[in-house]
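Q: One-letter residues, chain by chain:
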Amino acid sequence: MENNAKFLTETALRISGVNPRKCMKCGKCSATCPNYDKMEYHPHQFVTMVDRGQIEKLMESDSIYMCLSCMACVQRCPRGVEPGKLVEAVRLMKIRQQGMDHKGPRDIPPMVDEKVPQQLLMAAMRKYRK
Amino acid sequence: MTYSYYPGCTLKDRAKELDLYARASAKALGIELKELPQWQCCGAVYPAVKDEIASRLSSVRALMDAEEGKLVTMCSACHHVIKRTNYDWNNDENFRTKATNYMKPEVPYDGSTQVIHFLELIRDEIGFDELAKRVVNPLTGRKIGAFYGCMFLRPGKALAFDDPENPTIIENFIRALGAEAVTYPYRNECCGAYVVLEDKQVAVNQVDRALHSAKAAGVEELITACPLCRYNLIENAVKETMPVHYFTELLAEALGVKEVQ
Ligand code: SF4
Ligand code: SF4
Chain L
1 MENNAKFLTE TALRISGVNP RKCMKCGKCS ATCPNYDKME YHPHQFVTMV DRGQIEKLME
61 SDSIYMCLSC MACVQRCPRG VEPGKLVEAV RLMKIRQQGM DHKGPRDIPP MVDEKVPQQL
121 LMAAMRKYRK
Chain D
131 MTYSYYPGCT LKDRAKELDL YARASAKALG IELKELPQWQ CCGAVYPAVK DEIASRLSSV
191 RALMDAEEGK LVTMCSACHH VIKRTNYDWN NDENFRTKAT NYMKPEVPYD GSTQVIHFLE
251 LIRDEIGFDE LAKRVVNPLT GRKIGAFYGC MFLRPGKALA FDDPENPTII ENFIRALGAE
311 AVTYPYRNEC CGAYVVLEDK QVAVNQVDRA LHSAKAAGVE ELITACPLCR YNLIENAVKE
371 TMPVHYFTEL LAEALGVKEV Q
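Top to bottom, those sequences are chains L and D.
Per our numbering, the first sequence starts with residue 1, numbered consecutively.
Per our numbering, the second sequence starts with residue 131, numbered consecutively.
Note that these hints are calculated values from the structure, not bench results.
Glycine is no exception: its CB is placed at the ideal position from the N, C-alpha and C atoms.
Please note that a few of the clues may not be correct.
Said to hold, decoys possible - Which residues of chain D face chain L? A partial, calculated answer using Cβ under 7 Å:
hint, residue
1, 133
2, 164
3, 169
4, 178
5, 180
6, 181
7, 184
8, 207
9, 288
10, 297
11, 323
12, 324
13, 332
14, 361
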């Protein structure tokens with residue numbers, strides 16, 4: 001593995017606390033994922049790709065913005081791998097880079113109506129912006 | 131009994147009813163919810179990585195300020211975030227040490243505060259049987275479904291709220307109010323959450339599945355503790371629609387204190 005890929009992989013593993021080697025590739029995480037169809041890399045693939053050091057590919061994919069953080073995969077994985085935590089880690093690795101916010105406060109007003117709860121705005125800022 | 135209470139931002143504005151009906155109901159049940167003198171937004175979503183320290187400090191402060199070792203929450207998002215922060219505080223030494231070093235409190239937080247959702251308070255400290263006795267206006271004949279969503283239940287280890295796959299707490303609550311509790315398959319699935327801003331269709335799909343499943347089971351109205359679930363279930367309902375209330379509204383109604391508001 002080249003140096004940058006190695007660094008990125010180590011970072012993803014360290015901040016997520018996930019051990020992808022525990023995965024037995026049963027696919028239950030992807031089967032239970034409510035947003036499976038919209039994720040270019042499905043949760044089980046995510047786990048394998050992290051193990052193979054393909055973090056850059058994941059960082060470039062919209063999959064990281066499509067995860068609902070519903071924790072279904074985290075709860076239901078029979079091996080305790082917790083794929084959702086890897087998605088969170090890779091998304092943060094992307095948006096923590098300078099100028100890489102996925103959404104900012106200026107993007108929000110045209111997208112919302114007066115009924116939107118504050119909780120939604122806060123959640124979006126936490127998930128898509130650093 | 132008096133309990134320290136963390137209402138959260140949304141309950142001060144878009145979800146005012148969730149808070150107002152809760153306070154009125156608590157009073158009717160002989161409980162005082164004493165709002166923390168100072169609190170900050172919990173952040174609405176839990177940062178599920180180990181090196182996010184600052185974004186969890188507002189929860190730590192709320193935990194530290196709770197009196198008598200108990201903190202009552204109302205919004206399921208606040209409950210989720212504060213409960214998980216507390217869990218990680220007790221199970222992740224790195225987080226505990228870094229947060230303590232940063233805050234430098236006079237007395238470090240010892241991790242002992244119990245985070246109790248208002249529903250848990252009713253179940254564990256009052257009891258559903260006792261609640262049923264206090265009901266003056268039973269919701270007889272109403273077919274009510276619980277929408278748990280994600281945040282109450284998962285991850286089950288940290289939340290320890292109920293069985294994450296077969297929860298019963300809200301159904302028991304509904305029965306205590308005199309209504310019929312109808313269970314349906316999608317009651318513990320995601321409403322689409324914040325991804326509605328990224329792709330509205332995701333919320334539309336999630337809500338459609340949930341409402342379809344609820345209707346097929348005979349549900350006529352839903353209750354929730356989450357302002358975002360309620361928003362999505364109403365505003366992103368396309369094929370099916372259904373009334374969605376906060377659980378505290380029905381509680382206040384059954385306890386005969388709804389109009390006091
Ligand atoms: S559910 Fe767990 S073990 Fe199965 S494929 Fe997903 S991560 Fe691997
Ligand atoms: S947490 Fe994300 S990846 Fe996991 S099941 Fe939910 S939406 Fe899918």
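Q: Each hint needs a verdict: does it hold in this structure or not?
A: These are the hints, each one checked on the structure:
The beta carbon of residue 133(D) is not positioned within 7 Å of any beta carbon in chain L (closest approach about 22 Å), and the interface hint is therefore violated. A least Cβ separation of about 23 Å between residue 164(D) and chain L goes past the 7 Å threshold, and the interface hint is therefore violated. Interface restraint check for residue 169(D): the shortest CB-CB distance to chain L comes to about 14 Å, outside 7 Å, so the restraint is violated. For residue 178(D), the suggested interface contact is upheld, since its CB lies about 5 Å from the closest CB of chain L, less than 7 Å.
At a threshold of 7 Å, the smallest CB-CB gap from residue 180(D) to chain L is about 5 Å, leaving the interface hint in force. At about 5 Å, the closest approach between the beta carbon of residue 181(D) and any beta carbon in chain L falls short of 7 Å, and the interface hint on this residue holds. The beta carbon of residue 184(D) is not positioned within 7 Å of any beta carbon in chain L (closest approach about 11 Å), and the interface hint is therefore violated. For residue 207(D), the suggested interface contact is upheld, since its CB lies about 5 Å from the closest CB of chain L, less than 7 Å.
Taking 7 Å as the C-beta cut-off, the interface hint given for residue 288(D) is violated, the closest approach to chain L being about 10 Å. For residue 297(D), the suggested interface contact is broken, since its CB lies about 12 Å from the closest CB of chain L, more than 7 Å. Given the 7 Å rule on beta carbons, the hint for residue 323(D) holds: about 5 Å separates it from the nearest Cβ of chain L. With a least beta-carbon distance of about 4 Å to chain L, the hint placing residue 324(D) at the interface is held under the 7 Å criterion.
Nearest Cβ of chain L to the Cβ of residue 332(D): about 6 Å, under the 7 Å cut. The hint holds. Among the interface hints, the one on residue 361(D) holds; its C-beta lies about 5 Å from the nearest C-beta in chain L, closer than the 7 Å criterion.
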